[in-house]
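Chains as they are written, first to last, in my numbering: chain A, 8 to 122; chain B, 470 to 579.
Please keep in mind that the hints were generated in silico from the structure rather than gathered at the bench. Careful: at least some of the hints might be erroneous.
What the hints assert, rightly or not - The calculated BS3-like cross-link candidates involving lysine-lysine, where the alpha carbons are at most 27 Å apart (straight line), are:
no.: 1; chain 1: A; residue 1: 64; chain 2: B; residue 2: 511
no.: 2; chain 1: B; residue 1: 511; chain 2: A; residue 2: 21
no.: 3; chain 1: B; residue 1: 526; chain 2: B; residue 2: 511
no.: 4; chain 1: B; residue 1: 532; chain 2: B; residue 2: 511
no.: 5; chain 1: A; residue 1: 18; chain 2: B; residue 2: 511
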Amino acid sequence: DTGVSQDPRHKITKRGQNVTFRCDPISEHNRLYWYRQTLGQGPEFLTYFQNEAQLEKSRLLSDRFSAERPKGSFSTLEIQRTEQGDSAMYLCASSLISGRAYEQYFGPGTRLTVT
Amino acid sequence: EDQVTQSPEALRLQEGESSSLNCSYTVSGLRGLFWYRQDPGKGPEFLFTLYSAGEEKEKERLKATLTKKESFLHITAPKPEDSATYLCAVQALGTDKLIFGTGTRLQVFP
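Please model the entire structure based on the sequences and the hints provided.
See below:
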């Protein structure tokens, strides 16, 4: 059973450095989502793609964050000039458009620590 | 503004002691309400989708119900392996994004 995979699982970086995370969705899924979760909170939406098109982006997402999904397969999330406030779990999810609501299946997450 | 509030924040149960978790929501137009389970350090695991008031779904010891303003997750005769954080999320019409509550942290003791 190939679920959503994320790489790396853990990342420690120094403030001011750039980091990039990768997400591989479930193979037949055409929508891919990024969320961020801090301790004691629920996941917070960042952005999502249908195939290679970025359809929605959170107003809370600063210009230091950028996401891509080339060729509609895997996706990358880049954070430039990291800040301590960026420390969080970054979650990727994917879904298949069918039915009335689109269940999103999450990966294991990438834990980012900015020192 | 679309919003989800979960209560209680934490719940401690004895094994076999049934209880309910609450999810209150406000949304401009509901496409679906979702329940997820999350274990420490892992991503959320999908449990249920509910679409309209009056709908119920069951899976093992869990049963989810939906009204126009809230959803309940009923846990019958819980076991220690049911210990986790249970997250509720809503999806509004016209968007795919999920709006999550802060979760209920459930601990079941033998």
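Status of the hints after comparison with the structure:
{"no.": "1", "hint": "A:64 x B:511", "result": "24 Å, holds"}
{"no.": "2", "hint": "B:511 x A:21", "result": "24 Å, holds"}
{"no.": "3", "hint": "B:526 x B:511", "result": "24 Å, holds"}
{"no.": "4", "hint": "B:532 x B:511", "result": "23 Å, holds"}
{"no.": "5", "hint": "A:18 x B:511", "result": "15 Å, holds"}
Hint violations for this structure: none, all hints satisfied.
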